[in-house]
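Asker: Here's the letter readout for the chains.
Protein chains: 2
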Amino acid sequence: MFKNILIIGCGLIGSSILRASINKKISKNFFVFEKSEKNIREIKKINKKIIILNKLNNKISNIDFVILATPMSQYERVIPYLNKYLSKKSLITDVGSTKENIKKLKNKSLTKSLDWIMSHPISGSEVSGPKYGSKSLFINKWCIVFSDKNKVKQKKLINFWKKIGSKVIIMDEKVHDKIFSITSHLPHLIAYNLIKTAQDFQKIQKKDIIKFSAGGLRDFSRIAASNEIMWRDIFFSNKKNVVSAINLFIKNLKSFKKNIENLDDNTLRKKLVNSKKVRQQILNLKQDIAKPDFGRDQN
Amino acid sequence: MFKNILIIGCGLIGSSILRASINKKISKNFFVFEKSEKNIREIKKINKKIIILNKLNNKISNIDFVILATPMSQYERVIPYLNKYLSKKSLITDVGSTKENIKKLKNKSLTKSLDWIMSHPISGSEVSGPKYGSKSLFINKWCIVFSDKNKVKQKKLINFWKKIGSKVIIMDEKVHDKIFSITSHLPHLIAYNLIKTAQDFQKIQKKDIIKFSAGGLRDFSRIAASNEIMWRDIFFSNKKNVVSAINLFIKNLKSFKKNIENLDDNTLRKKLVNSKKVRQQILNLKQDIAKPDFGRDQN
Chain A
0 MFKNILIIGC GLIGSSILRA SINKKISKNF FVFEKSEKNI REIKKINKKI IILNKLNNKI
60 SNIDFVILAT PMSQYERVIP YLNKYLSKKS LITDVGSTKE NIKKLKNKSL TKSLDWIMSH
120 PISGSEVSGP KYGSKSLFIN KWCIVFSDKN KVKQKKLINF WKKIGSKVII MDEKVHDKIF
180 SITSHLPHLI AYNLIKTAQD FQKIQKKDII KFSAGGLRDF SRIAASNEIM WRDIFFSNKK
240 NVVSAINLFI KNLKSFKKNI ENLDDNTLRK KLVNSKKVRQ QILNLKQDIA KPDFGRDQN
Chain B
0 MFKNILIIGC GLIGSSILRA SINKKISKNF FVFEKSEKNI REIKKINKKI IILNKLNNKI
60 SNIDFVILAT PMSQYERVIP YLNKYLSKKS LITDVGSTKE NIKKLKNKSL TKSLDWIMSH
120 PISGSEVSGP KYGSKSLFIN KWCIVFSDKN KVKQKKLINF WKKIGSKVII MDEKVHDKIF
180 SITSHLPHLI AYNLIKTAQD FQKIQKKDII KFSAGGLRDF SRIAASNEIM WRDIFFSNKK
240 NVVSAINLFI KNLKSFKKNI ENLDDNTLRK KLVNSKKVRQ QILNLKQDIA KPDFGRDQN
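For the record, the sequence lines run as chains A and B.
Numbered per numbering that gives the first Met the number 0, the first sequence spans residues 0 to 298.
Numbered per numbering that gives the first Met the number 0, the second sequence spans residues 0 to 298.
Don't read these hints as lab results, they were simulated from the structure.
Mixed in with the good hints, there may be bad ones.
Since copy identity is lost for identical chains, a pair holds within one copy or between any two.
Derived lysine to aspartate or glutamate pairs resembling DMTMM-like cross-links, with alpha carbons at most 20 Å apart [said to hold, decoys possible]:
hint : residue 1 : residue 2
1    : Lys-102   : Asp-199
2    : Lys-24    : Asp-264
3    : Lys-166   : Asp-287
4    : Lys-238   : Asp-264
5    : Lys-205   : Asp-263
Put together the whole structure using the sequences plus the hints.
Answerer: Next comes the structure, spelled out in structure tokens:
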């Protein structure tokens, strides 16, 4: 498919793309730009033919496919090097979790002759770093590709994601940022906030509660262990949608509280029954493992 | 250990106690009182020697160990039969998720000569019914037993839970209801509320979002699929503690929102980093599976 792939930032997602691309022989050569020494040691274990760059310079002028997989807050620092060294034949993509901000950034800072078509693979984990990457991370997962006027390169990008196992869907960045404020950003924020609330409770009440987290809290602690740089970037970039998601959430929670205070059996039960249906929809769409308790078994 | 065990209400927890007790030969005879025809069909498959009662009458006068495993809102209807037919030699326990209410109820309605010592096994699932029960549900899980002046029977109850695999801890009902309002009741309420918020968003925006639930929402949908009768009972019974947990949660969420609106990098990042530590504590205490993403793998 490509001659020279360059992955900029090789953490969980970057290294998974690298592994999957090597596995599917997506390119002849594989370049990685990564600054963390620890990450570099892990990446070297993946495959001997990976070429690790410690600078973005004229060595990247023959790259035909660039994948930005650093935290989003780093994109701005990378763009000048892309402008300077990439040829217009190349295709650039990114894997950032919010898109209106990236679109603005590339419109503002990217040289007009370069093509950057955005992607968002819906996959990830609470762990980070190349150590946890996997060549099968994208298999059967959604990858969103964003509309672009260069249809030839868009097609190429779609084929790339399909080749490493993704199901591809095309979306507009405004719609994307709205949808993911609800399906991803709000859940993460709520998980962080629940853990914070549990920590506060522990301080006030001086009771050891973590021991009894199996009754629900532990589920949230997984998501609340996600990378803080990545999530700060997301919350800040999608501020407008995240804030309105929080407002809707608080409004609903206050109404829930009222139902409990008033022992309003009918309304409360209706809400609980309704929520139940969503799990079944998620399982029907194969968006989660169809086993009770996520198939978790510690015994 | 016992001659005749009676399990009243044989859903997920009741049937798991039944299975574990048969497996560990806890009793000579096993009685079950259950009303649902569907449940009875499942229970009959477990073991031929299970005796299914369709009434609580003088057939239960020789029961030496009764376990109440119906939804808590049913306890009040069962107590008159215990009063009428049980002998004072018997030991009664329950597996209800809140305890101040049960203590009040038994003080008010149970015959003084009978001994009811409360238990709370910290195990469960989003699925319900005997079909999903398991003899190993309690292995290495906490079971809380509540202080009682009858130390002989208390010891007997503790031994029972240990024998079917639980780690036992003794607690006071007030402390229990506070702790679990944070580790279990609030997380469930928040999960229900998040799913409700997603449903509302879907209605307002007319966008199909469930498809993209893998980015976080799906985790919450599991807990929000829990049994509505059980959870209504819990929210209502532990109203006071749940309401103050909600208040603390909303206060924290508003402060989180402010951090995002002000792009307050320092404060926000400090919060995210702090939350991360809790996951590690939970894993160190073996309260969750120590694999990324709960070891979930759909490929």
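Asker: Determine for every hint whether it applies to the structure shown.
Answerer: Hints, verified against the model:
For the identical chains of this complex, Lys-102 and Asp-199 are neighbours neither inside a copy (39 Å) nor across copies (28 Å), given an alpha-carbon limit of 20 Å. When the C-alpha separation of Lys-24 and Asp-264 is checked against a cutoff of 20 Å, the pair qualifies neither within a copy, at 59 Å, nor between copies, at 41 Å. For a Cα distance limit of 20 Å, the shortest separation of Lys-166 from Asp-287 inside one copy, 15 Å, qualifies, whereas the shortest one across copies, 31 Å, does not. When the C-alpha separation of Lys-238 and Asp-264 is checked against a cutoff of 20 Å, the pair qualifies only between copies, where the shortest distance is 13 Å, while the shortest distance within a copy is 36 Å.
For a Cα distance limit of 20 Å, the shortest separation of Lys-205 from Asp-263 qualifies neither inside one copy, at 33 Å, nor across copies, at 29 Å.
Hints 1, 2, 5 from the list above are not met by this structure, while the remaining hints are.
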